[in-house]
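Add chain B to chain U, keeping to what the hints say.
Spelled out, the chains give:
2 protein chains.
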Amino acid sequence: MSLPLNIDASGRWMRTEGAADSDVVVSSRVRLARNLNELPFPHVAATDVLKAVREQVTQAAQSSKLLQKAHHIRLEDLSDVEKQVLIERHLINQRLLESKIASVIVEQEEIISVMVNEEDHLRMQALEPGLAMIDTWRLTDTLDNELEGALDYAFRPDVGYCTACPTNVGTGMRASVLVHLPGLVETKQIDKVLKAVSHLGLAVRGFYGEGTEPMSNFFQISNQITLSRAEEEIVDNIEKITKQIASKEREARKWLYSENHLRVEDTIFRAWGILRHARLLSSKESMNLLSSLRLGVYYKLIPDITPQMLNELFVLIQPAHLCVASGKDLQAEDRDVARAELIRARLRMKAAG
Amino acid sequence: MSLPLNIDASGRWMRTEGAADSDVVVSSRVRLARNLNELPFPHVAATDVLKAVREQVTQAAQSSKLLQKAHHIRLEDLSDVEKQVLIERHLINQRLLESKIASVIVEQEEIISVMVNEEDHLRMQALEPGLAMIDTWRLTDTLDNELEGALDYAFRPDVGYCTACPTNVGTGMRASVLVHLPGLVETKQIDKVLKAVSHLGLAVRGFYGEGTEPMSNFFQISNQITLSRAEEEIVDNIEKITKQIASKEREARKWLYSENHLRVEDTIFRAWGILRHARLLSSKESMNLLSSLRLGVYYKLIPDITPQMLNELFVLIQPAHLCVASGKDLQAEDRDVARAELIRARLRMKAAG
Numbered sequence: 476m477s478l479p480l481n482i483d484a485s486g487r488w489m490r491t492e493g494a495a496d497s498d499v500v501v502s503s504r505v506r507l508a509r510n511l512n513e514l515p516f517p518h519v520a521a522t523d524v525l526k527a528v529r530e531q532v533t534q535a536a537q538s539s540k541l542l543q544k545a546h547h548i549r550l551e552d553l554s555d556v557e558k559q560v561l562i563e564r565h566l567i568n569q570r571l572l573e574s575k576i577a578s579v580i581v582e583q584e585e586i587i588s589v590m591v592n593e594e595d596h597l598r599m600q601a602l603e604p605g606l607a608m609i610d611t612w613r614l615t616d617t618l619d620n621e622l623e624g625a626l627d628y629a630f631r632p633d634v635g636y637c638t639a640c641p642t643n644v645g646t647g648m649r650a651s652v653l654v655h656l657p658g659l660v661e662t663k664q665i666d667k668v669l670k671a672v673s674h675l676g677l678a679v680r681g682f683y684g685e686g687t688e689p690m691s692n693f694f695q696i697s698n699q700i701t702l703s704r705a706e707e708e709i710v711d712n713i714e715k716i717t718k719q720i721a722s723k724e725r726e727a728r729k730w731l732y733s734e735n736h737l738r739v740e741d742t743i744f745r746a747w748g749i750l751r752h753a754r755l756l757s758s759k760e761s762m763n764l765l766s767s768l769r770l771g772v773y774y775k776l777i778p779d780i781t782p783q784m785l786n787e788l789f790v791l792i793q794p795a796h797l798c799v800a801s802g803k804d805l806q807a808e809d810r811d812v813a814r815a816e817l818i819r820a821r822l823r824m825k826a827a828g
Numbered sequence: 476m477s478l479p480l481n482i483d484a485s486g487r488w489m490r491t492e493g494a495a496d497s498d499v500v501v502s503s504r505v506r507l508a509r510n511l512n513e514l515p516f517p518h519v520a521a522t523d524v525l526k527a528v529r530e531q532v533t534q535a536a537q538s539s540k541l542l543q544k545a546h547h548i549r550l551e552d553l554s555d556v557e558k559q560v561l562i563e564r565h566l567i568n569q570r571l572l573e574s575k576i577a578s579v580i581v582e583q584e585e586i587i588s589v590m591v592n593e594e595d596h597l598r599m600q601a602l603e604p605g606l607a608m609i610d611t612w613r614l615t616d617t618l619d620n621e622l623e624g625a626l627d628y629a630f631r632p633d634v635g636y637c638t639a640c641p642t643n644v645g646t647g648m649r650a651s652v653l654v655h656l657p658g659l660v661e662t663k664q665i666d667k668v669l670k671a672v673s674h675l676g677l678a679v680r681g682f683y684g685e686g687t688e689p690m691s692n693f694f695q696i697s698n699q700i701t702l703s704r705a706e707e708e709i710v711d712n713i714e715k716i717t718k719q720i721a722s723k724e725r726e727a728r729k730w731l732y733s734e735n736h737l738r739v740e741d742t743i744f745r746a747w748g749i750l751r752h753a754r755l756l757s758s759k760e761s762m763n764l765l766s767s768l769r770l771g772v773y774y775k776l777i778p779d780i781t782p783q784m785l786n787e788l789f790v791l792i793q794p795a796h797l798c799v800a801s802g803k804d805l806q807a808e809d810r811d812v813a814r815a816e817l818i819r820a821r822l823r824m825k826a827a828g
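Residue numbers (our numbering), protein chains in the order written: chain U, 476 to 828; chain B, 476 to 828.
None of these hints come from the bench; they were simulated from the model.
Hints may contain errors.
As the list makes no split between identical chains, a pair holds if one copy fits it or if it spans any two.
SDA-like, lysine to any residue: derived pairs with alpha carbons at most 20 angstroms apart [said to hold, decoys possible]:
no., residue 1, residue 2
1, K775, R754
2, K759, L737
3, K663, R823
4, K729, R754
5, K670, L511
6, K544, L675
7, K759, R745
8, K803, L737
9, K759, T742
Since this is a predicted model, take the numbers as computed values, not measurements.
Same shape as in the complex, but just chain U (with noise of 0.2 angstroms):
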């Protein structure tokens, strides 16, 4: 099969416009971790009980109104590189890809989807553009509700939902935010900020998650604990505390500015000027040099470009994405160009001069 995804565009979670935030927060993402009952965690099942598992959730989503357009994507079905290119729009990760029978049901504007046989039987994700954990949150919400009405879920009145791994044990939910913090990188309060953060029971992580490096000035923040607290109440704590580190990158943003304003300005022209003209850019550079951009599209420096766009081009430079729309097997180097190629494309449609 061929991917059923449009993946020369985005996933609706990266169009940012009207978002709240958005300017510092990219998107806001919640999961639910969940198992079917008296059934083996997916790790130490046998195929056909995995295949079971599979088959019930696939059931189960028809019935459900927020996946009654999804589609069903069997990972057995996929070649390697489209695999990569789910795990670049963040629809799965790479753990799944570890699972003999596994599968993702996406929503068509892929805002909703839902690993089957992860690390837990479902794990259902909900990612929405800008800051939106309570929106975030309600979705993920009603389609959990949605589908208990046909599974039979592992939960013990003691403890909440069961899970493969005690971290998840509760609410077995992990909500998080994708935020952008240059401001605070380059007036070297990130650090502070960050062990603030961590200070209040919240996870800084990478660009792709749990085990990845904070990369071009992008962390990801989420919650630590999900026993005995309520869903409400670590969302909401997101929330605000997502909205004092935006206000003090804010801060930062304004106060280096007026600091040296020709500094801020030549690092982002050169930015502008580098990626709409190199002939090689890798990944890493080009993540750095967008990630100068967006702030430059905050600083109102750069013209029609927009914070979608950007996002849009974060994930579409990613290596899968860059072979999927070659149709071809690319090498290191030929990635390089490729890349090249489609951001002086993607940058050069909206600006001129």
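Okay, now just chain B, sitting in the frame of chain U:
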């Protein structure tokens, strides 16, 4: 006084259009050292002697056809920054500033100039675009003959012209070319080539002559020996060796492009992007980027930019030129701003997109 030169534009020596081998050879220069008979050399001469020398040379210049419309510029009439402008235009050197009574006679197109009371009483120079050693030599020779009609040169039949420094005794001539060798630098052949050049009795120096470092792939190649060799022979020798270097440089450029045109293009287009967008540019970085751009013009990658524009920029972006153009004594960061503005304006004038 203010300088009688148009410092927004270049001397004619920078206008390489139609000049021979100007893809590699920026300019050709010949200078002759002459002293007046029975007068002490400038560094040991009393002020009244220096004054008398200047008077005599000024008179003699008025009888010269080549210097008919020349500017007579006395260094004591200039501000420090104006003196630096003359250095940046290759019309005088640092040494002349140490002289108590010094001047420079500059022909309108800046092809011909005569320093008075530098290391020797007279240092006459002709500077032409491209590879034009013979022409340049003939020009200085004609000037020399014109002045010799009005001055009594210190000359001994056994050794030739007497000079303050023994390395100039004999012909008193130094002939040099300024060459741009990015291909030989990039292919790491440069050391071998320069060693061969020095075995042939030529010296290699930086952009601003003796004591300066080679910079941005520009090298000055000149004769070492002034004694017991005919001028035409010296000049002819440099011309021939430069032709060989130019041919090796072109081979290297061709090889580089065929070997990895993407990497070549990437370097050139990045330079182009940065030069057209940066807000702060140091002198050194600008020179390096303009050097890349010059190669881009050679490869016909950058439309509408001529080597002449770049030669001009190499001079106009120097500190003193920037100060005089702005009418202010700019500090380092202000110069970086002014330099970036000038480069953006000049490159934008000629190119869109």
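Here is what the structure says about each hint:
no.: 1; hint: K775 <-> R754; result: between (26 angstroms within a copy, 16 angstroms between copies)
no.: 2; hint: K759 <-> L737; result: between (25 angstroms within a copy, 19 angstroms between copies)
no.: 3; hint: K663 <-> R823; result: neither (33 angstroms within a copy, 36 angstroms between copies)
no.: 4; hint: K729 <-> R754; result: between (33 angstroms within a copy, 19 angstroms between copies)
no.: 5; hint: K670 <-> L511; result: neither (37 angstroms within a copy, 79 angstroms between copies)
no.: 6; hint: K544 <-> L675; result: neither (39 angstroms within a copy, 81 angstroms between copies)
no.: 7; hint: K759 <-> R745; result: both (16 angstroms within a copy, 17 angstroms between copies)
no.: 8; hint: K803 <-> L737; result: between (42 angstroms within a copy, 19 angstroms between copies)
no.: 9; hint: K759 <-> T742; result: both (16 angstroms within a copy, 18 angstroms between copies)
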